[in-house]
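Here is what each chain is made of, one letter per residue.
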Amino acid sequence: DAKTTQPNSMESNEEEPVHLPCNHSTISGTDYIHWYRQLPSQGPEYVIHGLTSNVNNRMASLAIAEDRKSSTLILHRATLRDAAVYYCILRDVSDQAGTALIFGKGTTLSVSS
Amino acid sequence: DAGITQSPRYKITETGRQVTLMCHQTWSHSYMFWYRQDLGHGLRLIYYSAAADITDKGEVPDGYVVSRSKTENFPLTLESATRSQTSVYFCASRSSGANVLTFGAGSRLTVL
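Protein sequences, first through last, are from chains W and X. So for the first sequence, my numbering puts the first residue at 48; every next one is plus one. So for the second sequence, my numbering puts the first residue at 286; every next one is plus one.
Certain hints may be false.
Said to hold, decoys possible - Straight-line C-alpha distance at most 30 Å; calculated BS3-like pairs for lysine-lysine: (1) X:K342 / W:K50; (2) W:K50 / W:K116; (3) X:K355 / X:K342; (4) X:K355 / W:K116; (5) W:K116 / W:K152; (6) X:K342 / W:K152; (7) X:K296 / X:K355; (8) X:K342 / X:K296.
To be verified - Computed footprint of chain X on chain W, listed as stretches where at least three residues anywhere in the stretch have a Cβ under 8 Å from a Cβ of chain X: (9) 59-71; (10) 106-113.
Unchecked claim - Simulated DEER-style distance windows between Cβ atoms: (11) X:S365 / W:I121: 44 to 52 Å; (12) W:S88 / X:G382: 28 to 36 Å; (13) W:D139 / X:H326: 32 to 40 Å; (14) X:K342 / W:E58: 35 to 43 Å.
Since the hints were derived computationally from the structure, they do not count as laboratory data. Heads up, the beta-carbon is just placed ideally off N, CA and C, and yes, glycines get one too.
In isolation and in its complexed conformation, chain W is listed as follows (with noise of 0.2 Å):
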């Protein structure tokens, strides 16, 4: 599998945008990159995924780069509730096998009043 890099962790103000990058220089031309977040206490929740093209949800925007090397993971006003372990992870979209997304460390998000 395709591997990411994240920053270990990343701090912000209340209500500034926050952008949270990822490296993931051995992408495939399949690989779907899915972000999903951790609360304290709680199991992960899903984010956003996109495969080319930007992508926006209630929750957050995904920006991809051109090359699909890295991406951005924006929130547009960070809140408290928005502390959390942010992991960016690929997925095939030609795995049918229902092989589970692999979760590395993530970053930790820091926000603060």
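Following the hints, put chain X in place on chain W, whose structure we already have.
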């Protein structure tokens, strides 16, 4: 209630005892997964299942046994618990062809 539930949420046991962690989902998702989470290791896949009666090993399967006799249930058994299996265990599921995993709230297991 619809969703994915894990039980027990907290369990303390002793070395050598058998422990079973339960996972139940109400969506009839084909795929189910067990992860463990330890400080410094993130989430690691133990076992997964593509359908009833179909299971496969993940990254760290040693010391664990799973079964999937019904689509909605995916129990994880530690046949002889060891201290190194002290961890938080997460169950997850997704439907066939879907991209999104949904996780349970976790089961915190302590082996003394």
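These are the hints, each one checked on the structure:
1. Annotation: proposed proximity of K342 of chain X to K50 of chain W holds, straight-line Cα distance about 20 Å (limit 30 Å).
2. Between the alpha carbons of K50 of chain W and K116 of chain W the distance comes to roughly 11 Å, so the proposed pair stays at or under 30 Å and holds.
3. With a CA separation close to 18 Å, the supplied pair K355 of chain X and K342 of chain X stays within the 30 Å bound.
4. Restraint check for K355 of chain X and K116 of chain W: the C-alpha separation of about 41 Å exceeds 30 Å, so the hint is violated.
5. The straight-line distance between the Cα atoms of K116 of chain W and K152 of chain W is roughly 19 Å, inside the 30 Å bound, and the hint therefore holds.
6. Distance hint between K342 of chain X and K152 of chain W is fulfilled; the C-alpha atoms sit about 21 Å from each other, no more than 30 Å.
7. The hinted pair formed by K296 of chain X and K355 of chain X meets the criterion: a straight-line CA distance of about 24 Å does not exceed 30 Å.
8. The suggested pairing of K342 of chain X with K296 of chain X holds, with an alpha-carbon distance near 24 Å, which does not exceed 30 Å.
9. Counting residues of the segment 59-71 of chain W whose CB falls under 8 Å from any CB of chain X gives 0; the rule of at least 3 is not met.
10. Here the segment 106-113 of chain W counts 0 residues with a CB under 8 Å from a CB of chain X, which misses the bar of 3, and the coverage is violated.
11. The beta-carbon spacing between S365 of chain X and I121 of chain W, approximately 47 Å, falls within the hinted interval of 44 to 52 Å.
12. Hint check: S88 of chain W to G382 of chain X, Cβ distance near 31 Å, so the stated range 28 to 36 Å holds.
13. A beta carbon spacing of about 23 Å between D139 of chain W and H326 of chain X contradicts the range 32 to 40 Å that was offered as a hint.
14. At about 38 Å, the CB distance of K342 of chain X to E58 of chain W agrees with the hint of 35 to 43 Å.
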